[in-house]
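These protein sequences, in sequence, are chains A and B. The numbers in this note's numbering rise by one with no breaks, and the one at position 365 of the first sequence is 365. Every position in the second sequence, counted from 1, becomes a number in this note's numbering once 1000 is added.
I should point out that these hints are in silico values taken from the structure, not numbers from a laboratory. Heads up, a few of these hints could be off.
[To be verified] In silico SDA-like links for lysine to any residue, alpha-carbon gap of 25 Å or less:
#	chain 1	residue 1	chain 2	residue 2
1	B	Lys-1221	A	Thr-79
2	B	Lys-1139	A	Thr-79
3	A	Lys-333	A	Ile-87
4	A	Lys-207	A	Val-221
5	B	Lys-1323	B	Arg-1337
6	A	Lys-249	B	Glu-1140
7	A	Lys-50	B	Lys-1307
8	A	Lys-249	B	Ala-1212
9	B	Lys-1221	B	Arg-1337
10	B	Lys-1051	B	Glu-1251
11	B	Lys-1185	A	Phe-160
12	B	Lys-1185	A	Lys-50
13	B	Lys-1203	A	Ala-151
None of the values given here were measured: they were computed from a predicted structure.
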Amino acid sequence: MNKSQLPPATTGGLLSSPRNRAIIFQCLALLAVVACAFYFTSNMFDNIEKRGITTGFSFLGETAGFGVSQSLIAYDDTTSTFLDVFIVGILNTLLVGVIGIICASVFGLLIGIGRLSSNFIVAKLSLVYIETFRNIPILLQILFWYNIVLAALPGPRQSFSYFESIFLNNRGLLLPEPIFQSGSIFILIAFVIACTAVIFLTRWAKKRHDQTGEEFPLIKVSLAILIVSPLLAYFVTGQPITAEYPALKGFNFQGGLAIIPEFLALTFALSIYTATYIAEAVRAGIEAVASGQKEAAESLGLKKHVILRKVVLPQALRVIIPPVINQYLNLVKNSSLATAIGYPEIVTLFSGTTLNQVGQAIEIIMMTMAVYLTFSIVISLLLNWVNAKMEIKGR
Amino acid sequence: MKITKIALLLGAAALVPNLASASTLEEVVKKGDISCGISTGIAGFSSTDSKGVWEGLDVDFCKSVAAAVFGDASKVKYIPLTAKERFTALQSGEIDVLSRATTWTATRDTSLGLNFAGVNYYDGQGFLVNKKIGVTSAKELSGATFCIQAGTTSELNLTDYFQANNMEYRAVTYDTSGQTINGFKSGRCDVITSDASQLYGLKLKLDDPDSAIVLPEIISKEPLGPVVRQGDDEWFNIVRWTMFATLEAEELGVSSANVDAMLKSENPSIMRLLGKSGTAGENLGLKGDWVYQIVKQVGNYGEMFDKNVGKDSPLNIDRGLNKLWNQGGLMYSMPIR
């Protein structure tokens, strides 16, 4: 190439360097996107105003005036505002999400391991379970469990009763509600101390194992500490926790903790469905661990459960975590299907009932989307952090 | 070159709102049918028969508007909507008129950019309970669990009523009336509360309709009527006067059976109604025979009522407040002259 073929630096100016061009074009693209977004939003608000539709977020302060079947914060039909409804919805979604994720993880792990079991029946049962529940749409499963739950359970007056304190009927599962009196703080303190003790014990046990190779019965001892010390505190302080028992009055049970059937059906359906995917991720993860690792551990004479816990799972987790993040996100998002059975989560309560009572679709849908976006980002950040911890550390 | 294209695109997009501001009547005529928002299934108001054809009082209203605009009652596209979806569908232009047992309230009329064209059914909220629980009055319902449809005025009235009477209740809210009745059937709730007219329809869906009763208390006013978007007076007038025309026809004794004979009537009111004199139709932007087409193809208000919810229907609801004004009811057409 001779020099005259290159563009002369003086005539090309700013645009001659590819880097400058790239920056300029990206800026232009960004400007176009922003201009488009601005144009569409202002056009939208113009149209809304022309049609006389109220806009803004002032509706959040107005009294909601409708009943909600489950709320984790104090909610009163006659005084609570739409903002309270928003919070109730978020908390109810979170409740299903957290409990669903825990159940699905435990279930998925067990089934995933069961799928690889050398026991023929366990392996085949796990396979049947996975193939059945993975291939039926989740909405159908939610409706199925809800209708099964409702059809199978008796009315309040004929409820199943256990020890005269736990009742099960088609209004839900009723449990005694603990009432904390003064002095119960000591039990909490005892529990915190027990937890700290367990953490130190774990460190000590690991250190000892590293140095001497001796195993310490860590799980048994920790469990004992965790149970015994709060129990001791409970009796020493004079049994400060009492319980309010549910009792049948009029149409319904009053008092106690009530878990509504919508919650039971939704959480159950979501856990069972998501567990199938987690189980497959677990199976893939375990199969990804080179069989030489297992054989080596076996040749050392380690017991089967020790191999699984200390050799296979830590390596498998690196493969398992990324797909499991997606399943957690799916579970939280799928909880919005609750609208089919009337469980009061954010979509049912806020972008459903509230939207219809105040009619401000744009604000309400945007707020609901923001909630799910936040949930999803937090879950992926958390699990990405865990994943980073699990990665092989290069030295 | 790309930038020129982008600029052109943006310019074209800026023109769009001007193109979209045609009137509803023009758009409807261009489309060739009326998009009418109805319920997903309320017996007597809008539900499908065994062949899947929509029928009911609200459906007949859609047909009346089509008859007035096109001279053909079949030029309607039915859009089934849940209570939650109905206002957004109308605001966004998905439907031209909402005819879906919708209560006229101040909030809805003033803050949603909507206009209520009138009242075609005077209703009130009631309670449907299982006879087994042995309740004869709403005052005995303290502590009961209610199945309600989400986003309705029933939800709000229930709170008001129980607070006013110092009683407690629990609510289970469902999306559709089908889910609501299923909840009641399976015993999730003791009571269904909704507009009384709908309760009679829901009762018929029970396995044993005689096992439930509608309590005597009516706890609210529920004036139900068709709704249109605010800001299009021409269309608003057409919908409102279609409703009046069906009332006026009943008042003057003009029915689908005798409307052809009535064309020869010497009664000046009937002549004006059927377009033999006066310019009522032309003033609305319609043909002079608009009322003739409504009555001939769909019927007058009394016929629609009897056929869908009244004495000739399985619901057999008493006309009560929905009688004409000169028979002790509230139905009153502004004079067509």
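Provide an ascending list of the numbers of those earlier hints which the structure does not satisfy.
-> Hints 7, 9, 10 and 12 are the ones this structure does not satisfy, whereas the remaining hints hold.
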